[in-house]
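Chemist: For the protein sequence lines, the chains are B and R, in the order given. Taking this note's numbering, the leading residue of the first sequence gets 1, the next gets one more, and so forth. Taking this note's numbering, the leading residue of the second sequence gets 1001, the next gets one more, and so forth.
It should be emphasised that the hints constitute simulated quantities derived from the structure, not laboratory data. Mixed in with the good hints, there may be bad ones.
Calculated cross-link-like contacts (lysine-lysine; reagent style BS3-like; alpha-carbon spacing at most 30 Å) [unchecked claim]:
(1) K61/B to K1294/R
(2) K1051/R to K40/B
(3) K69/B to K17/B
(4) K1231/R to K100/B
(5) K1186/R to K69/B
(6) K1235/R to K100/B
(7) K136/B to K61/B
Every beta carbon over 12 Å from chain B, so not counted as near; a handful from chain R, in silico [stated by the list, open to error]:
(8) S1069
(9) E1096
(10) L1100
(11) Q1129
(12) K1139
(13) Q1143
(14) E1189
(15) L1284
(16) Q1337
A virtual CB, placed ideally from N, CA and C, is assigned to each residue, including glycine.
Given next are the chains, with one letter for each unit.
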Amino acid sequence: MTGQVNSNFQLAIDELKETLHADFIGLALVDLKKYHHELKWRYVTGNISLRYRRIVLQSGKGVAGIVFKTGKPMKIENVDTNVMDGDLYNYPIVVFEKLKSFGAIPLFRDDHVQGVLLIGYREVDRLTADKFEQFKHAVGPQFGPFHMKERLKDDFIEQ
Amino acid sequence: MTLLNNDQLTTMLHKLYDRTTEAMFFFGANGEILSMNEAAKQIMEPALYEKMLQGEADAMCLTCRGFTSEDEQMTCVSCFMEKPQQTLSSFQLYLETKDLGLQPYSATYQVLDEETYMSVLMLRNLTRQTQTSEVLHQKLRMQQVILAQENERKRISRELHDSVAQEMLSSLVDLRVLKYMGMNDKALEKLRQTEGSLMRLLDEIRHLSVELRPAVLDDFGLEAAFRTHIKNLEKNYGLYVHFESDLKESRYEGAIETVAYRIGQEAILNSMKYAQVEDVFLTLNEVDGQLHIKVFDEGVGFDVNDFTPQGTGLGLYGMKERVELVGGNLTIISSQQEGTTVQATIPLKKERATSENHNS
């Protein structure tokens, strides 16, 4: 069963990369079986480095960590001009995949964030607000066992 | 002491007035300038000098930028000329000078004649002393800040590690016990999720504690602390640190361990941030009673003598200060092509460090 799910995830992100002309797609998941708490990049496509395999993501740290913790999408249209330039090293996946424009959304399961889906481009300003919406739309309300969460009112107040 | 007659004394005083390096100003009752000596003329802008000689009241204010009080570096509050009785006999005065701009002077102000209010102001240039004492002061302050920071980090780190994390762990154990107390699948699933988030939270707290100051450093020493740090770097950033250690002892003095650890940590962080590499090398060894710690990478380097820091530029400065704190020294070799090497040498015996300093 796991094999089935695995290939499905890989297929799904390959497909997403194709339709959105993305350079990189990564799927970070907490291990549903063994280490229930370990968040890692488990499926990637378009990667230029294998460094992602070494990394265990920490809640609240890095792209996946932040999205995981806040449960909110994150979008950086231009890495070079964004404020994060000073501590870019805190976003390893962005550095070693040389992403210049990226976005990430949380994946929910039973109202808990269980994964993060990242789309990235290696040129600046490629992930526009429209493109990001397109990405969310392409992922759909159901991604494997995960579902997208409808925005709560609180989210609007905070933003 | 031979007594001099009046004429001789006058001549001598006159000579002193003309030849001394101390700037002298004589003032009348309204602060108009009666006379200025050659030294005073030297430090003045020529146009200003002319203007001051015209006998305006409070002519000194044209060049004076205030004196140093306990509250302020430069102030006009309770000016020495207005309240000569309250002024200390010697104080620091700032003047706007020719060519050199704002300069500090050691000043003495004295009323020579109570009835006519004639007074004299004498100035001696203090630039060198001020600079020296400022550098010293800054250094001391920096070291105090480093020390205070380290102590505070230690305290908070301990608190997190010993109290918060412990409490969290016992809650987790309770939660696990709960799993076997018979509940339906739905509740069990929920419990599993809660357990997962609690475990992540525990990890986070532990990580925070280690990041502030690793308890391993205090409990097991330098080598163990570095190994933990390296493992974390690999986990968090995918960075490989190749660590070689050839230490004769497992433990050193606390201050030395702290400095060595922080230097290594900072140097590795710099490599990671700026050198664009996946591999960093760290070696620790002990030669001739000195602890050597070396961090090098084969990535993008910089010109050591002339570079614009990409970050705050405080990292390198801080490293240097830390090493000096324990009487060691820091060498940084870097070139654009061959990467960067940071090496710190720390004497392990304190006496030796001081005697060495005396000899050199």
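Chemist: Next, verify each hint and record whether it holds.
Modeler: Verification of the hints:
no.	hint	in the structure
1	K61/B to K1294/R	holds, 29 Å
2	K1051/R to K40/B	violated, 76 Å
3	K69/B to K17/B	holds, 25 Å
4	K1231/R to K100/B	holds, 28 Å
5	K1186/R to K69/B	holds, 24 Å
6	K1235/R to K100/B	holds, 23 Å
7	K136/B to K61/B	holds, 23 Å
8	S1069	holds, 39 Å
9	E1096	holds, 38 Å
10	L1100	holds, 37 Å
11	Q1129	holds, 38 Å
12	K1139	holds, 27 Å
13	Q1143	holds, 26 Å
14	E1189	violated, 7 Å
15	L1284	holds, 23 Å
16	Q1337	holds, 21 Å
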